[in-house]
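Student: Okay, here's what each chain looks like letter by letter:
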Amino acid sequence: MNTVKKTVSLLFLLSIITLTASAQCKGLVKKNMARLAPFTHNGQLNSASLPEGGVVDFKLTCYTGLTYRLALAADPVLGKVSFRVLDEDNNEVYNSNDDNTTSWDFNVGSSQELTVEISVPLTDKSIRGCVALLVGFKQPKSVGGLRPM
Amino acid sequence: MKNHVGLLAQPEKTMVNKSIVILIIAVILTSCGSDTNKNEAAAIDTTSSSANSKELMKAQQILYTLPSPVEAAALMKLSGATFDLSTLNPTANVSKYTSNESKSLNLGVYGTDLVYANIFEQTQESADYFKCANTLATALGINNAFGENTFQRVKANMQNRDSLMAIIAEASLEADAYFKENERPAASALVAVGGWIEGLYIATTIANKTKNGEIIQRVAEQKNSINNLIGLVESFGSEKGLSPVLGDLKEIKLLFDALEVKKGTTSKPVGNDRTPTIGVSKHIEMTPEQLKAISEKVGSIRNKIIK
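Keeping their order, the protein sequence lines are chains A and B. The numbers in this note's numbering rise by one with no breaks, and the one at position 4 of the first sequence is 4. The numbers in this note's numbering rise by one with no breaks, and the one at position 225 of the second sequence is 225.
These are computed hints drawn from the structure, not numbers from a lab. Glycine included, each C-beta is placed from N, C-alpha and C at the ideal position. You can take every hint at face value.
So, partial list: chain A residues that the calculated Cβ filter (under 7 Å) puts toward chain B:
1) 26
2) 43
3) 44
4) 45
5) 46
6) 59
7) 61
8) 87
9) 106
10) 107
11) 108
12) 112
13) 113
Only chain B is shown next, with the shape it has when bound in the complex (with noise of 0.2 Å):
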């Protein structure tokens, strides 16, 4: 029996004895989490005085997993869109981030701009921005991702998109992965944001340039990811760097808000048994002046995140 009682924020929860702490903290304290994630709510059943400490360790962690920089880049490719090097964060500015917090988000920035160049094929581009989330990620203390080795075997593949892009897929998740290892869960979370931000950024500027209707159903889909983004980012409270961003990410949130989601029906698993298609129907309208907003909030935030 899985139970869901009591969250163990609320404060008339403080007097649980010592023993149901402690399994809290365990509980807390082990979880991996995923890039995304850590609890944000580790519901456990506070009905019986008498559950033993097996019963208390049955708790629901719930994580957030992002869409990828190099979803979000193939996503944009398939909707008819073209390189543009001018939407991507010069490489020049590599230098400008001193901070951890502004290397961290530009380290998500770069990596989203190296996938970009690579699945439009820019090969000297996405050399160039290897270089830069090396530079950030080695500045870091992260040298297993996007070290030397993982260099050499991008230098051999450089014209190999396929092979690049799987590089590039085991070099975030070993930077992923180094946060959470050395209990800097929060640096994954701006890597995140960082990373969407930028991948929001050049859907909108493409959006506004081109008036792709497929491009700008996938900037209106965002709604569905900023959820999640923020949950990811609040299960880390108060971590240093988190506040201003979380600020940000709300306020886009309002935009996406304001979005009208017209739903169809849900759906049973059709199509073949191999691959089925799930899930439920619907349509996120977005009028151009909502587009508008969204563009100036997110050029606005991406600018105080690459200056």
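For reference, chain A alone in the conformation it holds in the complex (with noise of 0.2 Å):
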């Protein structure tokens, strides 16, 4: 019978840690989204709650013709977070640690699949928070841009 509390409770605070940790990251998307400008966001709420340590990839399709850009956004509790993209064939085409700034703009020579890896830096405190990935993307202007309101 206490095993079955303790389960229950056990639930309980996970549930309430779930929706907390999920409105936390809408959040931070949408305080975050003027960072897109001039690109139009894609609408995806891409965010995942990580812990110290923690790593997440983001499988990300992009088109030829339209020149995207990524903004990274994370909850400051965890430090310096890093991202960087991998080609489908695994390469390394980009590592913000390189230039040390949070978003990075690019075309693709033809379409295909990007993995973009979240990382959270290791620390000895015990930490958790939200990390979240704004995908925007723009047509060339010879056939109207898209401007955010």
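Work from the hints to combine the two standalone chains into their complex.
Tutor: Right, here's the structure in full:
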């Protein structure tokens, strides 16, 4: 009986954590949306709750003809979160540690799947926070660019 | 050190102690997920039985991001497509959808139709399709996404295509977030599937009518997306409504798998420093017969969704 009580309590606690984490992630995305300008946001909540040392891979299909912007947003408690981009042959084509920025614009030579790997640094403290990848795109001006409001 | 050794799903690992199981549940439950998303594989170090809880939290998640309807419509316009109302789901169909699964799938369908109407500057149709999205979103309990406030903003910006597109993207984010906050991520996946199928249906229909090589190539490029879409749906296991959808997607995948990919060299980033061009150089070949087979399969699945 005691075990059942403990399990129910644990699940209740976890569900509260889940809801809180999800709401925090949406808030983080909305707060950072302006960083995509003048690109159009893809309308998706690409986020994860990570602990110290945590890693998440986002699989992302990009199309030739559009220019993309990736913007990394992270809960400050996580410290210096970084991201790198791998092409479909797993070659690293970008690493945010190289230029110390949290956003990157690029085109693709041909349409393909990229992997964006976000890493939280290891620390001695036990921490958890939200990381989000904001994806924006824009068309060439010749066919009418899309501007955010 | 980020360790990724065995997969959690392996049956031989069922004897791990309770604390490890609890930690794994915590990792899975507290992941926000992306549109897309949830853990496909949470790989952890199981080689060291003395690993403390901090080590075990170093799980790697894989999340899937799909091309948004806004992106797909922009690509179609870029490729020279023109607007054809007859390819979209008739607005009168909106009252047919009674189950949560059909409402979610068709919220995706109407969302894509709304974006197409807007990007091709069809003001009245944009308003009509917004109302359909609003009807289904409200029925699913999402009041913030396509609700009255958003509708007023849409009306005020009806002549401003760019602003309208930004409002639609914002509404999509709200809908996506709503499903995740309310522990209905499978509904989010169904919306994504409905939107993707509708986008592919529109593209194949236009490709068949126009024989435009660039549009045909855009259809072929969906070979890149189908794996992500299946990965997304599979990540939710046997949740209600997903099994038939998964079967349909796998049938489409078989046809895309047959397309030949001609790969060039892997590129280092090139171009100016501000906007480099990256990635592997490749071209996906699709014969007229393959286009026909994909079009028929997608058309039949799409008709099943909207009926």
